[in-house]
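Peer 1: Sequence:
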Amino acid sequence: MANAGLDRSLLFVRAFLRCCQTTEELSPGLVDPGPFQFSIHERGVTHVLVTGGAGYIGSHAALRLLKDSYRVTIVAMAAHGVKTLIYSSTCATYGEPKKMPITELTPQVPINPYGKAKKMAEEIILDFSKRSSMAVMILRYFNVIGSDPEGRLGESPRPELREHGRISGACFDAALGIIPGLKVKGNDYITPDGTCVRDYIDVTDLVDAHVKALNKAEPDKVGIYNVGTGKGRSVKEFVEACKKATGVDIKVEYFGRRPGDYAEVYSDPSKINSELNWTAQHTGLLESLKIAWRWQKLHRNGYAPPKAVTY
Numbered sequence: 001m002a003n004a005g006l007d008r009s010l011l012f013v014r015a016f017l018r019c020c021q022t023t024e025e026l027s028p029g030l031v032d033p034g035p036f037q038f039s040i041h042e043r044g045v046t047h048v049l050v051t052g053g054a055g056y057i058g059s060h061a062a063l064r065l066l067k068d069s070y071r072v073t074i075v076a077m078a079a080h081g082v083k084t085l086i087y088s089s090t091c092a093t094y095g096e097p098k099k100m101p102i103t104e105l106t107p108q109v110p111i112n113p114y115g116k117a118k119k120m121a122e123e124i125i126l127d128f129s130k131r132s133s134m135a136v137m138i139l140r141y142f143n144v145i146g147s148d149p150e151g152r153l154g155e156s157p158r159p160e161l162r163e164h165g166r167i168s169g170a171c172f173d174a175a176l177g178i179i180p181g182l183k184v185k186g187n188d189y190i191t192p193d194g195t196c197v198r199d200y201i202d203v204t205d206l207v208d209a210h211v212k213a214l215n216k217a218e219p220d221k222v223g224i225y226n227v228g229t230g231k232g233r234s235v236k237e238f239v240e241a242c243k244k245a246t247g248v249d250i251k252v253e254y255f256g257r258r259p260g261d262y263a264e265v266y267s268d269p270s271k272i273n274s275e276l277n278w279t280a281q282h283t284g285l286l287e288s289l290k291i292a293w294r295w296q297k298l299h300r301n302g303y304a305p306p307k308a309v310t311y
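Under this note's numbering, think of the first position of the sequence shown as 1, with each following residue one higher.
Hint data in this document are derived by calculation from the structure and do not stem from the laboratory. Please read all numbers here as calculations on a predicted model, not as lab measurements.
Heads up, simulated EDC-like pairs for lysine to aspartate or glutamate below, C-alpha to C-alpha not over 20 Å straight-line:
#  : residue 1 : residue 2
1  : Lys83     : Glu123
2  : Lys271    : Glu104
3  : Lys183    : Glu264
4  : Lys236    : Asp249
5  : Lys290    : Glu155
6  : Lys119    : Asp268
7  : Lys221    : Glu122
8  : Lys99     : Asp268
9  : Lys251    : Glu237
10 : Lys183    : Glu240
11 : Lys185    : Glu240
12 : Lys251    : Asp193
13 : Lys297    : Glu287
14 : Lys236    : Asp193
15 : Lys183    : Asp261
16 : Lys185    : Glu237
17 : Lys185    : Glu96
18 : Lys243    : Glu287
19 : Lys83     : Glu42
20 : Lys236    : Asp173
21 : Lys98     : Asp261
22 : Lys251    : Asp188
23 : Lys98     : Asp188
24 : Lys98     : Asp268
25 : Lys290    : Glu240
26 : Lys216    : Glu104
27 : Lys297    : Asp173
28 : Lys130    : Asp220
29 : Lys236    : Glu253
30 : Lys130    : Glu218
31 : Lys83     : Glu218
32 : Lys290    : Asp148
33 : Lys183    : Glu237
34 : Lys216    : Asp205
35 : Lys271    : Glu122
36 : Lys290    : Glu237
37 : Lys183    : Asp173
38 : Lys185    : Glu253
39 : Lys231    : Asp208
40 : Lys119    : Asp261
Whenever a hint applies, use it, and build me the whole structure from the sequences.
Peer 2: Listed below in structure tokens is the structure:
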């Protein structure tokens, strides 16, 4: 986003670009919205990108807190004349549709807390948009993989969320010897090889989708788009690609299904293709994983300072 020249007028809410120095990121307080409002006012922010937060939400109490947080964000934006809101949502809001691929008109019936939280946030935003002239864009991500090709950013979940992280993170942890192997939840789904099928979208393409959404946003209008490749890949396919990317024969164990997981999820990106002129360019699993693996090897401690070495 910074490369596209979107700096002083854009505020990131939560942590999409953790170490980017030309755009600002901020987590609005659940009780005290003061710092968030001050940042909007002081910098003359006109566009806000809300990127969500944790990918794992385990309780109804957390849902209530998130609901309050989204309301704080929107009220602050309205009070200070923000013109555009880009909201990062998820395919998890659809639940497990009976028909594939998923379009923007597919009914939203989430079956896990994460999907429910995102759907709730969408509803708050859409309700607000009816009383505002703010331009609103909602992007429903599919499964994000990869890292910045220039090596500035990569995946580094907080320690308490690591076990709930993406499959790529678990594969890399196994390849680095941080964990003994990969635990795959479920190999008896009704899919070609028995493992879950997902639509994996490279983070570089995802950033491009945000830039195009921001450039196409119009006052008094709401745009809702799926952001995916339109192609499903199984967990087994993913693991084999990760083995090739890392050069490590990662140990894989299969366990029972994880509650709330869907058998098959992949997008129909026709709408974003035609309306925003966006199409995923980085669709090779192996290449995306090679780039992500390069970052992981160079940042074994994530964004924390390198650990001291005693000789």
